[in-house]
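Here the sequence shown is numbered in full-length UniProt numbering, starting from 1 and rising by one per residue.
These are calculated hints, taken from the structure and not from any lab test.
Be aware that a few hints might be false.
Restraint ranges, calculated between C-beta atoms of paired labels, are given here [unchecked claim]:
id: 1; residue 1: 385; residue 2: 178; range: 42 to 50 Å
id: 2; residue 1: 510; residue 2: 482; range: 47 to 55 Å
id: 3; residue 1: 398; residue 2: 485; range: 49 to 57 Å
id: 4; residue 1: 344; residue 2: 1; range: 26 to 34 Å
Quick caveat, the model's predicted, so the values are computed rather than measured.
The C-beta atom is built at its ideal place from N, Cα and C for all residues, glycine as well.
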Amino acid sequence: MRTPQDVRTLALLGHAGAGKTTLIESLLVSTGAIQVAGSIERGTTVCDYDPLEKEHGHSAKLAVANFERDDTLVHLLDTPGFPDFAGQALAALDATDTVATVINAQNGIEITARRAMLWAQTRKLCRMVIVNKIDAERIDLPALVGSLQEAFGRECLPINLPAGGGSRVVDCFFNLSGDATDFSSVADAHRALVEQVVEVDEALTERYLNGEEIEPASLHDAFERALREAHLVPVLFVSARTGAGIAELIDFMVRLAPNPLEGNPPLFEKWPNGDAAAAEPLEPSHDPADHALAHVFKIEVDPYMGKIGVVRVLQGTLTADTMLYAGEARKPFRVSHLYRMQGKQLVQIERAGPGEICAITKIDDMTFDAVLHDAPEDAVIHFHPLPIPHAVYGLAVRVKRRGDEQKLAEILHRLAAEDPGLTVEHDPTTHEAVIRGLGELHLGRILEKMRAQYKLEVDSHPPTIPYRETITLPAEGHHRHKKQSGGAGQFGEVYLRIAPLARGEGFRFLDAVKGGAIPGTFIPAVEKGVRDVLSGGAIAGFPVQDLEVTVYDGKTHPVDGKEIAFVTAGRKAFLDAVAKARGIVLEPIVDLEVTVPEAAIGDVNGELALRRGQVTDTGTARGGMVTINARAPLAELNDFQGRLKSITGGQGSYTLALCDYEPAPPNVQQQLTSAFRPVDEE
């Protein structure tokens, strides 16, 4: 039976084009997990199995692969490199002990690599760097190592070195001296590693300072501690294309990458009574005999297998017939089969213990980020939430063919279940179905998937801006509704006053009628007429807010006084009052937090000014980045993400949150009100 000490998990993160997927192919071939390496160009790699990934030639989803070497099971998590798919990449962080940041030797440190190192540090994960494409021309590896140390710290140290012009790699940890290398030397690299590692252990430090030669085998525990404490970030060199350095990388994974007991514990929490604010840290035991705890870090909906939940076991052992609860669900489900994933291929297994990754199928209760457990009292256990970027790019979608509305709702539900970076909402004001993601590329791929996989054609456009209306002056309104048709008639007369309220106070309706001029049974009808206008708009077709309406007089008729008559009279009396109250359109204002390289501050501030934005504060972020806090009209930000990407070379990001409503500029007021006619205007 496999123990936690026999398991390794590494998540490969890095920018698009760094070669993560190809690197995994090389690892799988070298260990006999697959017979022939696939290629991106032919669409035959293990991890890029989605038809759209094959078509576009890059990863868009988190994928799982694995190999075995020396009785050790190594899980590899392949992640997309474009920032638009960051939700998928981040999901890998909660399923790994080590983040391996893959860097293209030709391109150097790119934005996703920077973010990966920061994400891993924030989640207290062990880190390593894999420099790929060392066989390429016009590369400067010594300068790249210097850049790594400048960006991420002096703890970034080569554990092997390229030799023969990148045709092979020489180990520098287990070798104390040896072959000539393309830069530095084995002896110097070994000395730097040993000095860095012994610093975490006083006894080793004393031995080293006393001149004792310390064998690499005796440094294992200190090496793992240095990884845990972020005191060491090993740098390894490979060429996934030629295979240079692959054997050394496999050796590192098996001998030095931390197992679940050596890495930092997963960020489990107990939420007493479901209260996240009172969260208490919880460290899983990693004991195969303990009660079961597992975490769902990936959901995939397969047309044939149904919902597939990919989970990492943290304690206990899962087998077929295990009864599990999903999160706070009160009803358990039975695990019918367990699978190991090799890309799309599912291989049935008998059990999965601590540290292992497996797939469970056909369980509808499983959701992304759910904690699976076999004890009802563990319903209070959660994973510390991932910092998924705010979904700022939105599109309203509408089916092209009538009758497909329900199909659209079901498909959007499935897509959101699979993608942590995708949110779906129904705007109650505009009645639009809105999908929000991490960028134009992200949502473009979602629309493609609707067409290709689900055969659903939709139209899309930027979401309607949720403007509001209000009044600026008090006013009075009146309407007499009188209608005679045959024998039955309608009669109702309403007098009312309106007055503005402070922003955010909403709507108040007051009954000040005296002497029964309007019977009490008809007052709700008057209010309904007013509320009909509130929802449909009085001057531009947007909801009306922040005002008080007082009904103070009116008339009825003993025969023709009817509810419908007072609904109509109330509606038109309200419209009459608004016409005199100097109504205005309010535009939504959002708080922005923009993170950009320091060199881009001026250009970004200028861009915000062009969009009527006001910078409120500037602060320092990690990794040479700065944050700009600003307020801006939501209507001006439709294409802001694209401009920010252009200005910052793809390194900028932002979040936004609605904070206020303010009067729109005169030109916007005119544009929105000129074509509007209330439904009841005659």
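Starting from the hint 49 to 57 Å, judge whether the C-beta atoms of residue 398 and residue 485 obey it.
-> 39 Å, violated
Falls inside 42 to 50 Å, the C-beta gap from residue 385 to residue 178?
-> For residue 178 against residue 385, whose Cβ atoms are near 47 Å apart, the range 42 to 50 Å holds.
Taking the beta carbons of residue 510 and residue 482, is their distance inside 47 to 55 Å?
-> 26 Å, violated
Do residue 344 and residue 1 keep their Cβ atoms within the hinted range of 26 to 34 Å?
-> 28 Å, holds
When the structure is compared with the earlier hints, violations turn up for hints 2, 3 and for no others.
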